[in-house]
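**Student:** Make the full structure from the sequences, and use the hints.
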Amino acid sequence: MSNAENSNQYSTIVKDGLWDNNGVFSMLLGMCPTMAMTTSATNGFGMGLATAVVMAASSYLVAVFRNQITTEVRIPVYILIVASMVTLVDLAMNAWMHELYKVLGLFIPLIVSNCLPLARLEAFAAKQPSFPALLDGLFMGLGFTIALTAIGAVREIVGSGTLFADASLLLGNSFKVIEMRVLPADMGVLMMILPPGGFIVTGLLVVVKRVLDLRAGKEIQMAGAHAV
Amino acid sequence: MNATHDSPIASVAVKPKPYIHGVILFAFCLGFGLVMALTNDVTLDDISARALEDKQNSLSQVLPDNIHDNNPVLDTVTVKNEEGKETTVYRARKDKQVTGVAYEIFGTGYAGEIRLMMGIDASGKLLGVRVLAHKETPGLGDKIEAKKSPWIERFTGLSLGNPSVERWKVKKDGGDFDQFAGATITPRGVVAAIRRGQEFYAANKDKLTGSN
Amino acid sequence: MKEFAMIMISAALVNNVILARFLGLCSFMGVTTRIDTAAGMGFATTFVITVSSMADWAVQTYLLDAYGLGFLRTVTFILVIASAVQFTEMTIKKVSPELFQMLGIYLPLITTNCAVLGVALLLVEGHMSFINATLFAFASSLGYSLVMVIFAGLRERLALVQVPRLFAGPPIAFIVAGMLAMAFMGFSGIAAS
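Protein sequence lines, in the order shown, are assigned to chains C, S and D. Per my numbering, the first sequence starts with residue 1, numbered consecutively. Per my numbering, the second sequence starts with residue 229, numbered consecutively. Per my numbering, the third sequence starts with residue 441, numbered consecutively.
Watch out, some of these pointers could steer you wrong.
Said to hold, decoys possible - Quick list of simulated restraints, FRET-style, between CB atoms:
1. C:Asn3 - S:Gly250: 36 to 44 Å
2. D:Leu539 - C:Val64: 12 to 20 Å
3. D:Arg597 - S:Lys308: 52 to 60 Å
4. C:Ala123 - S:Asp293: 53 to 61 Å
5. S:Ala409 - D:Glu565: 45 to 53 Å
Said to hold, decoys possible - 20 Å max Cα-Cα, derived EDC-like pairs, lysine to aspartate or glutamate:
6. S:Lys376 - C:Asp213
7. S:Lys283 - C:Asp16
8. S:Lys322 - S:Asp349
9. D:Lys533 - C:Glu72
10. C:Lys102 - S:Asp273
11. C:Lys127 - C:Asp16
12. S:Lys313 - D:Glu565
13. C:Lys102 - S:Asp293
14. S:Lys324 - S:Asp297
15. S:Lys324 - S:Asp293
16. S:Lys375 - S:Asp349
17. S:Lys324 - S:Asp434
18. S:Lys313 - D:Asp505
19. S:Lys435 - S:Asp349
20. S:Lys397 - S:Glu427
21. S:Lys353 - S:Glu427
22. C:Lys102 - S:Asp434
23. S:Lys283 - S:Asp349
24. S:Lys313 - S:Glu427
25. C:Lys102 - S:Asp282
26. S:Lys283 - S:Asp293
27. S:Lys376 - C:Glu179
28. C:Lys176 - S:Glu373
29. C:Lys102 - S:Asp303
30. S:Lys435 - S:Glu314
31. C:Lys102 - S:Glu427
32. S:Lys308 - S:Asp434
33. S:Lys245 - C:Asp16
34. C:Lys176 - C:Glu99
35. C:Lys102 - D:Glu565
36. S:Lys375 - C:Glu99
37. S:Lys375 - C:Glu179
38. S:Lys433 - S:Asp303
39. C:Lys102 - S:Asp274
40. S:Lys283 - S:Glu341
It should be emphasised that the hints constitute simulated quantities derived from the structure, not laboratory data. Since this is a predicted model, take the numbers as computed values, not measurements. All residues carry an ideal CB built from backbone N, CA and C; glycine is no exception.
**Tutor:** Shown next, in the form of structure tokens:
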């Protein structure tokens, strides 16, 4: 493959992951953490980043071992790899990034029950060389982060009137400036932070993405068909 | 890939036998199991050191420095609570006299167990309560954490007679303590845990403040 | 008896796996276009959740806790679940070929259903006794099946309705699911704790 083709392929992977084929808004995968962890923008962002790390690492590993894994046992092996990566991230953060772990620790084991990493392993990493697989895992993960932060931001603003509350706990004190109060404290619509809000906001944001895609002259995807 | 097109006979010959799948799965389990065991081993000391630091931090929040001249983390006694569960009690002493004790208490929250550290002085007054670990909904139930809301500080200085035992409930249940908007089960569990923690102190006062 | 009833109601309705805990959403969105497939999926998942939760409880108590191997929990549980799915598939095939025909395509998918792992983790975290754990798992999966069937019924009706093009498909399904979740929040008044 020539260099030009390579960089072309890479930019497609990046664009697919971040927007065109976004894991949440287009493929409707990884719904469980999407709903459960988006009560605030900060939580969504943290969960997204941890997922991106696990996705990049497991995509890379699956691509490296793709010729050794037979079709019959591939699902257990993929799950094993994702679960191992999650355990490693969990242990390492607990030991060496303890402050961050205290904020994110709650979310990390939940990455195992996310079907997005598994879907990308099956659809992409299993058939591709290791570098594109790494890139796909990373950017699918970052696209996931964008989606979760967006859903979290909408739910947080409407639900509790703040935006990025407690971001300094996650990112360090220099990020104190992005903590905002958008609406007065008693104006929040609590329903948005409760479970029903998760469904409704996700549904509406899928519509927003369709509108933006239409404006840009793209076909809109009518279904996220291949949900497991 | 190409081999299958070139010679079908070769592809039949290399078609893996059924047991090979088991071997592959086993090999991956073994490999990743080893990696995890190794990581667990490497991180074990650091994690327990962090846990000890956390313990020291949480103890210093519920046992103020001015009431003790010893190190409460090292001065412990183990007592069985009414359910037969062993509780490690950390004791603060000044001039060898026990001035206060701290121990872990457990509450049932919305999404599971809530672990708290509670400090109580020799007369039975609360020195402070802090949440150690919980799995409550972020943005709702996590207001029990001191850094997210001052709610938990409300308990400092109270005791079982103040307010009276039957008022140790959230307001929704006819008690004295605020619940959060959208989360009643979490504060209800915390208040109940603190009440039980004080009853534990009252029942075991002699053992906890004894000099041995 | 009262304790058992409370566990059942709380696990099936108040803390419903799908609508309150957000587990198993992939299958909730994926296989609820028709009532009969949703019911089939619910039945198969109920069986797998109950069997694998019992096995996971035993593994946690007699293996992981006994030998201090807590860090292997996620991995072991996943493997137990995968085996439980395989076992279910073989049993159903032998006992009732007709049922196997009906459920066949859904069975392998259950391994990746996060409700199965989620319920197992929840009951281990809750330090339940074996009987309570089994009841909890069974009631949770009944709640799962109930919501799957209700939602499939709603979507069958929805398919006949004219929906604005931008909302067609997943978005309107999400919004309907949100309303269903609101309805289920009405159960939270009967929570025991």
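**Student:** Compare the structure with each hint and give your call.
**Tutor:** Hints versus structure:
| no. | hint | verdict |
| --- | --- | --- |
| 1 | C:Asn3 - S:Gly250: 36 to 44 Å | holds, 43 Å |
| 2 | D:Leu539 - C:Val64: 12 to 20 Å | violated, 40 Å |
| 3 | D:Arg597 - S:Lys308: 52 to 60 Å | holds, 58 Å |
| 4 | C:Ala123 - S:Asp293: 53 to 61 Å | holds, 58 Å |
| 5 | S:Ala409 - D:Glu565: 45 to 53 Å | violated, 26 Å |
| 6 | S:Lys376 - C:Asp213 | violated, 39 Å |
| 7 | S:Lys283 - C:Asp16 | violated, 46 Å |
| 8 | S:Lys322 - S:Asp349 | holds, 12 Å |
| 9 | D:Lys533 - C:Glu72 | holds, 19 Å |
| 10 | C:Lys102 - S:Asp273 | holds, 18 Å |
| 11 | C:Lys127 - C:Asp16 | holds, 17 Å |
| 12 | S:Lys313 - D:Glu565 | holds, 17 Å |
| 13 | C:Lys102 - S:Asp293 | violated, 25 Å |
| 14 | S:Lys324 - S:Asp297 | holds, 9 Å |
| 15 | S:Lys324 - S:Asp293 | holds, 15 Å |
| 16 | S:Lys375 - S:Asp349 | violated, 23 Å |
| 17 | S:Lys324 - S:Asp434 | holds, 15 Å |
| 18 | S:Lys313 - D:Asp505 | holds, 17 Å |
| 19 | S:Lys435 - S:Asp349 | holds, 14 Å |
| 20 | S:Lys397 - S:Glu427 | holds, 14 Å |
| 21 | S:Lys353 - S:Glu427 | holds, 12 Å |
| 22 | C:Lys102 - S:Asp434 | violated, 36 Å |
| 23 | S:Lys283 - S:Asp349 | holds, 19 Å |
| 24 | S:Lys313 - S:Glu427 | holds, 15 Å |
| 25 | C:Lys102 - S:Asp282 | holds, 10 Å |
| 26 | S:Lys283 - S:Asp293 | holds, 15 Å |
| 27 | S:Lys376 - C:Glu179 | holds, 13 Å |
| 28 | C:Lys176 - S:Glu373 | holds, 19 Å |
| 29 | C:Lys102 - S:Asp303 | violated, 27 Å |
| 30 | S:Lys435 - S:Glu314 | holds, 14 Å |
| 31 | C:Lys102 - S:Glu427 | violated, 30 Å |
| 32 | S:Lys308 - S:Asp434 | holds, 13 Å |
| 33 | S:Lys245 - C:Asp16 | violated, 39 Å |
| 34 | C:Lys176 - C:Glu99 | holds, 16 Å |
| 35 | C:Lys102 - D:Glu565 | holds, 18 Å |
| 36 | S:Lys375 - C:Glu99 | holds, 13 Å |
| 37 | S:Lys375 - C:Glu179 | holds, 15 Å |
| 38 | S:Lys433 - S:Asp303 | holds, 16 Å |
| 39 | C:Lys102 - S:Asp274 | holds, 15 Å |
| 40 | S:Lys283 - S:Glu341 | holds, 18 Å |
Of the numbered hints stated above, those contradicted by the structure are hints 2, 5, 6, 7, 13, 16, 22, 29, 31 and 33, listed in ascending order.
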